[in-house]
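*Asks:* Each chain, written out:
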Amino acid sequence: MQELINKAKTLLESGEVARVLGWKKGEYEYDPEPAFFETSESLKDFVYNGFCGANLSKYMIEAGKKEGKTLVFLKPCDSYSYNQLLREHRVDREKAYIVGVGCKGKLAVSKIPFEGILNISGAEYPDAAETLTVETLYGTETIAYKDAMLERCHVCKGKEHVVYDELIGESADTVDADRFAEVERIEAMSPEEKFAFFQSELSKCIRCNACRNVCPACSCRKCVFDSTAFDSEQKANTTSFEEKMFHIIRAFHVAGRCTDCGECSRVCPQGIPLHLFNRKFIKDINALYGEYQAGSDLESKAPLTNFTTEDAEPGVGRG
Amino acid sequence: MPVTENWKPKIVAFCCNWCSYAGADLAGSSRLAYPADVKIIKVPCSCRVNPMFILRAFEKGADGVILCGCHPGDCHYSTGNYYARRRMTLLFSMLDYLGVEEGRTRVEWVSAAEGVKFSETMNSFVEKVRALGPNVRLGDLRCKN
Amino acid sequence: MYKIKKENLTALYAAIAAENDLFLPIKAAGQTNFGLWTENAEVDIDTLKTVKSGKDIFFPQSETLYKVRREEGKFAIDGEAPRQTPFVVFGIRGCDVRALAVLDKVFLSDPIDSYYAARRQMGTIVSLACGKPATSCFCKVFGVDCAEPEGDVVTWLVGDTLYWKAKTKKGEQLTEKMTSLLEKADEAAVEAEQAAIRAIVEKLPYSKLSLDKWGAAAADANFDSPIWEQMYKPCLACGTCTFVCPTCQCYDIKDYSTGNGVQRYRCWDSCMYSDFTMMAHGNNRTSQMQRFRQRFMHKLAYFPANNQGMFSCVGCGRCVDKCPSHLNIVKVIKAFEKEGV
Amino acid sequence: MSKVEQIKEISGVNPLKCMKCGKCSASCPSFNEMDIKPHQFVTYVINDDVEALAESKSAWKCLSCFACIERCPRDVKPGKLIDAARQILIRQRGQEGLSPDEIPALLDEEMPQQLLMSAFRKYRR
Amino acid sequence: MRKIGVFVCHCGSNIAATVDVKKVVELALQEQGVVHAEDYPYMCSEAGQVRIAEAIKENKLEGIVVCSCSPRMHEATFRKCAERNGLNPYLVEIANIREHCSWIHKDMAEATEKAVILMRAAVAKVHLNAPLQAGESAVTKRALVIGGGIAGIQTAIDIADAGYKVDIVEKEPSIGGRMSQLDKTFPTLDCSACILTPKMVEAAAHENITIHTWSEVEKVSGFVGNFTVDIRKKARYVDMDKCTGCGICQEKCPSKKPLNEFNRGLNTRSAIYTPFAQAIPNVPVIDANACIKLNTGKCGICEKFCQAGAIDYTQKDEIITEQYGAIVVATGFDTIKLDKYGEYAYNESKDVITSLELERIMNAAGPTKGHLERLSDGKAPKEIVFIQCVGSRCSDDRGKPYCSKICCMYTAKHAMLIRDKYPDTNVTVFYIDVRTPGKNFDEFYRRAVEDYGVNYVKGQVGKVAPQPDGSLMVHGVDLLENKQILKKADMVVLATAIEPNPDVRKIATMLTASIDTNNFLTEAHPKLRPVESPTAGVFLSGVCQGPKDIPETVAQAGAAAVKVIGLLAKDKLKTNPCTAKADELRCNGCSQCANVCPYGAISYETRQVNDHGIREDRRIAVVNSALCQGCGACTVTCPSGAMDLQGFSNRQIIAEVDAICR
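Chains as they are written, first to last, in the working numbering: chain A, 1 to 319; chain B, 320 to 464; chain C, 465 to 805; chain D, 806 to 930; chain E, 931 to 1592.
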């Protein structure tokens, strides 16, 4: 972590960058917030640990409008999101100094099942422990690092950065699950079971829009669901399966653009596994139109703005 | 929604202007009957059909939605139906994944000369939707009056 | 003071539900929220905080006000009647009960919101003390005693026994109907439990937050503070904090076109949204900084200014737990506290 | 699965792509030894007449030189079909093929490597 | 709320027999905004249109719904009627209650119910229709033809004859193209040069034609009627105006090494050269790679000998910019490279040649002065084998999947010519199929067999093996005899597949004209618009669109010219107003829409916007309405809904959906 701070200091002091986009210490180990640092003095609050799951790439849209370069720290998976934004002309590469930071898997405090958590040790970077020690109001507990990891890290798409100016820090392989296992499990269900599953999950949705607002692919200046011009504005939520429209369309709009960064599932206050929508599209795209990883490059044609004359017909390969 | 004896499905058919709408016209001038439950909306090309339109139809109470376009390779705009094909393939796969009965959605390529195919397609599609009964899973439960 | 074994609670629920709609914490798809009790529901009174507060029992996220239909070229209007049947809310925590007092200030002052008023009148509140307060709790700051919550009936879960004490007339009426299921109990166990809870509350990291910088006077004092500009940037402009908050009361009124008419409904709105209070000329607040500031100024300055010093935060800590960017009201309060030093 | 389907599956060849140009037969060094010629092989598969193929000499006369496979303009590659037919026959017969232990005894310094490989392809599956 | 009028047509009894038109009228009057509704036996009749006109005036209608036959029948009629009466024609919607209703349903109640719903959908839509204006754009009355082969020449002459200016851009030093390399033409055996040269001269002399040889198209912008094209005129090092074409420079040039492209590299030429004697213009160019003066600074012999003083070593490439109303692509073809066909020994033996090389050998101006001889030893071949379909009809990655179409005929021609001139030479043709659909084509082929004794063998050749004695062993097969054939030949001629000129990809990209997987330009419609590109204002002539022989090429060249003339004859172009349009406040500038646009109609510009008080520079999509054809592919690709299609907007279609699902 100190290496990152030193790098940030050097670049800020030399004037090469005007600001640094990173993570700031919270009240505890487990609540760092994304933050801009404009002076080397303010970097004393800089933190990079296992709880810095937030993907900073989307903040670069706003940062790019400001004077001067922004130093941004991107984890390997965040770099895909940045690349995708670059493809879509939403960020200005000239105004970014990208330091690719290593990642040993990111944690979610919501995965730690103890009450009254005060402090957590073992999530430090680069010296992450195999076991986290959790100090609570009601005693000290332990949990394996892996067990507190975000779902996305168990199916990590790789620890290589696809865009960077410089790399700092090492990563650890965290993959211990099949990326599409959950999608396949649902696909194998009967229509009734599928419906019941999504009904119960989506009925929890409170339309807070956190999934959309955190999503680097959902970078529309004005979302169709916020716009009266499309007759699709929906603020309301009822207890039915109504939210389907929002979630299906959202997944469709990011299909072929979603890098599977997993932020939507991380931020959902109701714990809805939203990545299951995006991953279904990714799985279908891979199977029907060839392996495609959004954000991995700047040139390839995106699956939904491309075609072959031999494409599968709708309805083929369902279920 | 309870299935009543008088229940009739609501079917929305999006037809591209150049092939399928003309195919429907040919079915008409050839007096090839298909159920009155089918209502056609003309679009310039199958690629004009936004998944939003399809979900909107279901939301507002449609029981089935069918999209007809020129045969692949024959698109008036050269490539429109190829894009539509990918979009609908993914959308329908997603609906299936959510447990929506697959018989409620369909894509069929119908040329301007295929009046018979248009009529047959509509007959078989309506039959399938009738067998499935009213659309509950994609209906908006808030607004039925 | 009465008591009932935890294992007999299902019978109690059934008895309450026989004459009332019973709302209580139910676990579904991994999350606990207030819901209508049914025999198959998985009741979960052990989870400290439901994701959403109990607010939507009194002020639903979405409710129809009236429907307009076209009939043979004419309009027919069907108004939605306010609630007329009784219901019971069981297992609601002290902070959420206090939050109703905040909502009362909004909806029960003139003009009275008849839908809300009817629900308040028809509802009986059975609150539940917090056996294990969490790190994010700071209800004490707002004078809430989670060891002795408000409500028509107060309950404590001690070990495998639920203690039950009626506090109001409504509460007594409910208690009377349940006597066959309840046993008499003395207060000793509850007192011990309360002492334990209060001891923990003293140790809670946020219990000593200072509100010195806030209140009516803050409306002017804090408005132009540079802190807002420093703090807002990570905010995603999502509505999570607002929708999990027990006191946020802003709503939007919309028309839903049904083809041959409209359905007018109201739904929660969030001051974090860019179209919040959108008017014909545009928005009052055009930047996210302004929206971010609005939320905290409303809770800690404007509301007390208009309501005899009452804050519209009850310290439930849900926003602290749920904010995707780990921003929250505690960080705001602390930032201003630090600035003053 | 029918024999024809098996042949198609093993070879990965769609015989219907054949345009009967005869380049395979023109290229085949064993043409004169064969009773069913390479281009006819394709027709036999198309016509579902695998029995005749199995009984033919041709299956065993193919040298697996791959000339037809290299040169076929239609990706039909009769050599693959022939190879697939042989595999089916060998599978039917059971494991009476060559085993690796038997090879050293059969080795001859003069023997071209190609022949050895081709023998393996033919007999050891 | 708009005032809408609904007009329900009986169509005699076609509609009225199954649809209760009175009921439709009655229910129409209950719809939002409908202030007038009536029925009439024939709405499209003069009297029917008068009723519409009156209703528009009396009720100040702002939108019209006609419930009648298919819009494909009478939409234009009713739109014109509206326009005549002061209502924008795009405020008319048709509810198709005949083809889509009365003609297919028998039950009156059912058909009436459906007709009402179709009427409601049309009313809902027309409320949201925007009054659209067909745009107009001026037409530059000048055409550009890219490629100066027979296709380009013919197109240019036809356009010029109609009185319009035409420029031909040819990248070689002379126009003439492939046809100028041919010796004789099938099926008449007339001399290629004899019929081509007069056309070349005609083009050069035509007052309306400007020829830019040794030139290439560099950049294209604009759209139908208004293209701006940059043309690179490559440095010729010879002054076009001074040169008299005497040819002495070529004779004296000491650099004789470069391969003669015109003769397919079978011999060499001088560094200063004209490709062939009848070249137009008859002005040589200096090959800068081979010129001694340009490379070393020494030599200058041509300059010394040129009495006209036309040599100018200081010339530089020049870019000229011209305006055009239409562009014709006539870039022609080349034969494929045979590197992947090792079995035919093309790279091993000089006596294995392509058919185009044989053309040059047979030509009196060719490397052997027209004598048929082996390039290896100059001996006359006694045994010649022709191999058909080399690289054509292949589904592997070595060749092309299509039939090159011309090979069967030119091979018959070659065989016949050889047998005619050298009767003691045997000719064998190995073929897969002989394809002769064309006037006098099969007769021609039969003559080769019957009158000239050409030996046709059905079966492809597997291998050509050069022998130590200089002969070629051909391993073939006779499929009809079911026999392998080993044939010793002195010369082997390969009917090599043709492919579009490799430059066409670059040109197509500049023109945003689409191209298929084989690099042939795509036509706007394979049957109905075969000489137009889907990109408006771009036309196709000759083999760039698909394999063709000379008569077909000339026919297509004429057809393309007619299309161009039709376009240039207009002073203004009316553009379809149902085009896409981007909402600048909602556009993300993400470029996804441009990726799916088949017409290259979407570009991006950085523009300052005022988004509710926030002023900032944004990258915004801009649709060129002259190019947009209105398919709507972009509208669905746009995630923010910023891109919408006028006439079929999101809200219009949703309104129809809602009305139907009500």
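Misleading hints may appear alongside valid ones.
As the list claims (entries may be wrong) - Simulated crosslink set (DSS-like; lysine-lysine; CA at most 27 Å straight-line):
#1 LYS1114/E x LYS1172/E
#2 LYS194/A x LYS641/C
#3 LYS111/A x LYS629/C
#4 LYS718/C x LYS538/C
#5 LYS538/C x LYS933/E
#6 LYS1036/E x LYS436/B
#7 LYS677/C x LYS25/A
#8 LYS672/C x LYS25/A
#9 LYS467/C x LYS641/C
#10 LYS825/D x LYS1418/E
#11 LYS862/D x LYS1270/E
#12 LYS885/D x LYS1270/E
#13 LYS629/C x LYS648/C
#14 LYS1036/E x LYS538/C
#15 LYS795/C x LYS667/C
#16 LYS1186/E x LYS885/D
Bear in mind the hints are in silico, worked out from the structure with no lab data behind them.
Only a predicted model underlies this, so the values are computations on that prediction, with no experimental measurement involved.
*Asks:* Taking the hints in turn, state whether each one holds.
*Replies:* Okay, the hints, checked on the actual structure:
1. As the CA atoms of LYS1114/E and LYS1172/E are separated by approximately 34 Å, the hinted pair breaks the 27 Å bound.
2. Restraint check for LYS194/A and LYS641/C: not satisfied, since their Cα atoms lie roughly 43 Å apart, outside the 27 Å limit.
3. Proposed proximity of LYS111/A and LYS629/C is contradicted: the alpha carbons are some 36 Å apart, above 27 Å.
4. Between LYS718/C and LYS538/C, the direct Cα distance comes to roughly 22 Å. Compliance with the 27 Å bound is thereby established for this hinted pair.
5. Pair hint LYS538/C plus LYS933/E holds up; C-alpha atoms about 18 Å apart against a cutoff of 27 Å.
6. With a C-alpha separation of about 20 Å, the suggested pairing of LYS1036/E with LYS436/B holds against the 27 Å cut-off.
7. A hinted pair counts as satisfied when its Cα atoms are at most 27 Å apart, and LYS677/C with LYS25/A qualifies at roughly 23 Å.
8. Annotation: proposed proximity of LYS672/C to LYS25/A holds, straight-line Cα distance about 20 Å (limit 27 Å).
9. Between LYS467/C and LYS641/C, the direct Cα distance comes to roughly 14 Å. Compliance with the 27 Å bound is thereby established for this hinted pair.
10. Between the alpha carbons of LYS825/D and LYS1418/E the distance comes to roughly 24 Å, so the proposed pair stays at or under 27 Å and holds.
11. Under the criterion of a C-alpha separation no larger than 27 Å, the hint pairing LYS862/D with LYS1270/E is inconsistent with the structure, at around 33 Å.
12. Of the pairs offered as hints, the one joining LYS885/D and LYS1270/E holds, with about 21 Å between alpha carbons and a cut-off of 27 Å not exceeded.
13. Under the criterion of a C-alpha separation no larger than 27 Å, the hint pairing LYS629/C with LYS648/C is consistent with the structure, at around 10 Å.
14. For the suggested pair LYS1036/E and LYS538/C, the alpha carbons sit about 32 Å apart, so the restraint of at most 27 Å is broken.
15. The hinted pair formed by LYS795/C and LYS667/C meets the criterion: a straight-line CA distance of about 19 Å does not exceed 27 Å.
16. Proposed proximity of LYS1186/E and LYS885/D is contradicted: the alpha carbons are some 51 Å apart, above 27 Å.
Of the hints listed earlier, those the structure fails to meet are numbers 1, 2, 3, 11, 14, 16, in rising order.
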